[in-house]
Amino acid sequence: MMSKLFSNKIKEVFLGPFGKNNPVTVQVLGICSALAVTSKLEPAIVMGLSVTIIVAFSNVIISLLRNTIHNRIRIIVQLVVVAALVTVVSEFLKAFAYDVSVQLSVYIGLIITNCILMGRLEAFAMGNKPWESFVDGLGNGLGYAWILVAVAFFRELFGSGTLLGFKVIPQAMYDAGYANNGLMILPPMALILVACIIWIQRARNKELQEK
Amino acid sequence: MNTNNNGYTLIYATVMVVIVALMLAFVSSALKSTQTANVELDKKKQILESMKVDIADKDIAKLYDEIVVEAITINSKAEVLSTDKKAAFDIDVIKEMSKKLEDRKLPVYIAKIDGQTKYILTLKGTGLWGPIWGYVALNEDKNSIYGTYFSHASETPGLGSEIAGPEFQNRFLGKHILNAANEFVSIGVMKKGQTDTHREQIDALSGGTITSKAVEKMLFECMGQYKEFLKQTNGGTK
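Protein sequence lines, in the order shown, are assigned to chains A and B.
Sequential numbering of the first sequence, starting at 1, is according to the numbering used here.
Sequential numbering of the second sequence, starting at 1001, is according to the numbering used here.
Since the hints were made in silico from the structure, they are not lab data.
A few of these clues could be false.
Partner residues are not named here, just some residues of chain B that face chain A (Cβ under 10 Å, in silico) [what the hints assert, rightly or not]: (1) V1017; (2) V1020; (3) S1033; (4) Q1035; (5) A1037; (6) T1156.
A quick note: this is a predicted structure, and the numbers were derived from the prediction, not measured.
Glycine residues also receive a C-beta, built at the ideal position from the N, C-alpha and C atoms.
Modelling step: build the complete structure from the supplied sequences, incorporating the hints.
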């Protein structure tokens, strides 16, 4: 049983989205939120986790329902499931992480339109068992999350001189003439950083290079 | 089971929607009280921050009760409508601002810091991309500014969003909102090099001119509602 739960296929389903199949850098999905919530590390982490939870559970629910859903209304069913989960997550954030929910503002609601979700539901959960779908959702969510966290790390470090709100660049550096880079906080820099990650990834991975 | 007929599809969709609706209604009502408490706590935090009270790791609700000794509701003629602290706190300022000036209920928070009275007025306005809001704390003379707090929903990061930072907010300290004739004139927020002829001014944010001007407008309009109240002297020096 255990070997079945952690077979090679499962491993690939889980680890693929971190590298060769990354939803952000390879499939270029979910870019909008990757730009919007990564100027600070904390909202990026919360956003990454929220998306992970929502993809994983909507994958499981759709996978459980997959044989009962008629083809004609499958998109509607998927949307209802995703929208319900997003609303639940958003309500929980408002109750237990108010400050972060204020910072994330509309972007939590916009998870509904995140292409990663619909993509995984259509491409994976509609044709696979619940456990595989759960792992696939987890993998894709975390694959998205690590890009967000990596981008946010550099943006907050160089843009505000802090990490998770704590000062990491010593005052002595500022006294010596160092200044925070304002461009880092603006949305274009997120695009440039994502592009850098894509560049590094493609340079190291021959399979991803176009001929 | 035949999943191909329309009846099946209809029943399927109906059942699904009802289940989801019930679930959401349950979650929403279960979390309602925690969420309202969060919103109230956040408001208290903002009021305290306008007086630059050190709130790090403190019990905000307790600190608010200690420092804000009174909250009264007045109208634009400076007549006191109510002295109930909770009632003033619960006023929906945005809703009031859509009414005629004479009909508006205006909250005034009265705080004591180091034995001195401070008056805190509520500010609501519109920035470049969305709402901006804040609180302004006035000294006992109802003229010089003791502190300000501004926040925003979606101003440009690094430019207009800097109104939420201490550097911009501290520019207001000690400025006067009444002129020599004891008339309300507010404070100008001017681009570097420009001078406001009839009132005191501070520098706008570079790259955030529209947001800065929105703050100026918000200060003028919101504090303007309290015009009569600000003119009143209460035994203090003017």
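So which hints don't hold here, by number, going up?
none
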